[in-house]
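K.L.:
Please work from the sequences and hints to get the whole structure.
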Amino acid sequence: MGRRFATLIAAGLCCAPAVLPAWAQGFPDRPVRIVVPFAPGGSTDVTARVLADDLSTTFKQQFIVENKPGAAGTTGIDLVAKAKPDGYTIGLSGVGPTAIIPMIDPRLPYDPVRDLDTIAALTAIDVVLVSRPDFGPKTLPELLAYAKANPGQVSYGSTGVAGPIHFGLENLARRAGVKMLHVPYAGDSQLITALLSGQIDIAFLTFAGGQGFVTSGKVHALAAGGPKRIATMPDLPTVAEITGFADYDCYTWNILVTAKGTPPDVLRRLNEAVNAALAKPQTRERFASLGLLILGGNVDDARRFVAAEIEKYRKIEAETGIRRE
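Each step along the sequence shown adds one to the number in our numbering, with nothing skipped, and position 225 is 211.
In case anyone wonders, no lab produced these hints; they're calculated from the structure. Bear in mind the structure is a predicted one, so any value in this text is a computation, not a measurement. Wrong hints could be hidden among the right ones.
As the list claims (entries may be wrong) - Cross-link-like lysine to any residue pairs, in silico, SDA-like; alpha carbons within 25 Å at most:
1. K124 to T201
2. K298 to I90
3. K246 to A38
4. K266 to P26
5. K266 to V252
6. K301 to P95
7. K214 to A293
8. K301 to H206
9. K134 to F231
10. K266 to S42
11. K124 to P95
12. K134 to V164
13. K246 to P14
14. K124 to P26
15. K46 to R254
16. K214 to G230
17. K54 to S42
18. K204 to V252
19. K70 to G56
20. K298 to G146
21. K54 to D72
22. K165 to P137
23. K214 to P137
24. K266 to I216
25. K46 to T61
26. K46 to T269
27. K46 to A265
28. K204 to P249
29. K204 to Q176
30. K246 to K204
31. K68 to P249
32. K124 to I178
33. K70 to K246
34. K301 to I228
P.N.:
If you want it as structure tokens, here you go:
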């Protein structure tokens, strides 16, 4: 996965036009709504609002963000999937609504491959593996050795059963041949509270949510989760570097989607405008401050990225047996 991730970032940098070409008459000739399937304030919501401002200027039409939270993001994405395939309803989807929940929930009313077109890959969200400061093991190898000697005694937190963090830590445990105890929480704030109070031993925290606790010494950083080191924590190796587990990664991402059957020219126009927005220094600086890595790339790059991620999670599910409870 690491090579595909790096290739997508490179493609985004190469494909983003330095100057956005003049659009032909046509799309969009009325406001476009951007559905965010989560509550306001998170990284997905911020990404949508930054893009909405830029696209509104580019197209001289309003791009209006609508938050439609519910069912781990699937409520909003189902709304996008059922919209008219004309590009006037688009949505920000992530790992759960795209790659995980459709795989483990047969009752889901949409299938991302059948019902959605991918417009663009947007951002990847860095995560860092941390431990409570009074936890004995101080390095990842020490942690895994301790977990092997004490099966089920190391507890880790996540922000939900069958979420990307749950998958990431179960994948790490399986590859290391250890058993750890999963403790799910309703959100980041509850997870961090549990970690700081010693209720759990380790957790993957998003860069934005965890950096302050790492720098203040309230938690101890063990490894970066993604396929690359975190830019502002360059001395912190990745899990893959430390363990040698080829292509191991744990991170989250956002993509832009619309209903299946949207005209290719509309997909291309939106993709090029999004890449132009992602290439702007102010956008890159804003996202970097939130621990967001720019992905980008053309429509085909985005589709390949999503297909690879879906396959990755299918493999982890088959190997770990994770199910939504």
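K.L.:
All hints are to be evaluated individually against the structure, with a verdict given for each.
P.N.:
Structure-based check of all given hints:
A distance of roughly 16 Å separates the Cα atoms of K124 and T201; the hinted pair therefore holds under the 25 Å criterion. For the hint pairing K298 with I90, the CA-to-CA distance comes to about 14 Å; that is within 25 Å, so the pair holds. A threshold of 25 Å between alpha carbons decides the hint, and for K246 with A38 the separation of about 21 Å falls inside it, so the pair holds. Between the alpha carbons of K266 and P26 the distance comes to roughly 24 Å, so the proposed pair stays at or under 25 Å and holds.
Between K266 and V252 the CA atoms are separated by roughly 22 Å; this keeps the pair inside 25 Å, and the hint holds. A C-alpha spacing of about 23 Å is found between K301 and P95, which places the hinted pair at or below 25 Å, so the restraint holds. The straight-line distance between the Cα atoms of K214 and A293 is roughly 20 Å, inside the 25 Å bound, and the hint therefore holds. A hinted pair counts as satisfied when its Cα atoms are at most 25 Å apart, and K301 with H206 does not qualify at roughly 30 Å.
At most 25 Å may separate the alpha-carbon atoms for a hinted pair to count; K134 and F231 meet this at roughly 17 Å. Simply put, K266 and S42 have alpha-carbon atoms about 15 Å apart, close enough for the 25 Å limit, and the pair holds. Note on K124 and P95: the hinted pairing is violated, with a Cα-Cα distance of about 45 Å set against a maximum of 25 Å. The straight-line distance between the Cα atoms of K134 and V164 is roughly 5 Å, inside the 25 Å bound, and the hint therefore holds.
As the CA atoms of K246 and P14 are separated by approximately 18 Å, the hinted pair is consistent with the 25 Å bound. The suggested pairing of K124 with P26 is violated, with an alpha-carbon distance near 36 Å, which exceeds 25 Å. Proposed proximity of K46 and R254 is supported: the alpha carbons are some 17 Å apart, at most 25 Å. Taking the CA atoms of K214 and G230, the gap is about 14 Å. The hint holds against a cut of 25 Å.
A threshold of 25 Å between alpha carbons decides the hint, and for K54 with S42 the separation of about 20 Å falls inside it, so the pair holds. Of the pairs offered as hints, the one joining K204 and V252 is violated, with about 48 Å between alpha carbons and a cut-off of 25 Å exceeded. Between the alpha carbons of K70 and G56 the distance comes to roughly 21 Å, so the proposed pair stays at or under 25 Å and holds. At most 25 Å may separate the alpha-carbon atoms for a hinted pair to count; K298 and G146 meet this at roughly 19 Å.
About 20 Å separates the Cα atoms of K54 and D72, which keeps this hinted pair within 25 Å; it holds. Restraint check for K165 and P137: satisfied, since their Cα atoms lie roughly 5 Å apart, inside the 25 Å limit. Straight-line distance between C-alpha atoms of K214 and P137 comes to about 30 Å, which puts the hinted pair past the 25 Å bound. Between K266 and I216 the alpha-carbon distance is near 21 Å, which keeps this suggested pair within the 25 Å criterion.
Between K46 and T61 the CA atoms are separated by roughly 29 Å; this puts the pair beyond 25 Å, and the hint is violated. Distance restraint check for K46 and T269: the Cα-Cα separation of roughly 19 Å lies within the 25 Å cut-off, and the hinted pair is therefore satisfied. Pair hint K46 plus A265 holds up; C-alpha atoms about 19 Å apart against a cutoff of 25 Å. Of the supplied pair hints, the one linking K204 and P249 is violated, its CA atoms being roughly 51 Å apart against a limit of 25 Å.
This hinted pair checks out: K204 and Q176 have alpha carbons roughly 15 Å apart, not beyond 25 Å. Using a Cα cut-off of 25 Å, the hinted pair K246 and K204 is violated, with the two alpha carbons roughly 46 Å apart. Taking the CA atoms of K68 and P249, the gap is near 16 Å; set against the 25 Å cutoff, the hint holds. Annotation: proposed proximity of K124 to I178 holds, straight-line Cα distance about 19 Å (limit 25 Å).
A distance of roughly 9 Å separates the Cα atoms of K70 and K246; the hinted pair therefore holds under the 25 Å criterion. Proposed proximity of K301 and I228 is supported: the alpha carbons are some 22 Å apart, at most 25 Å.
This entry does not satisfy hints 8, 11, 14, 18, 23, 25, 28 and 30, going by the numbered hints stated previously.
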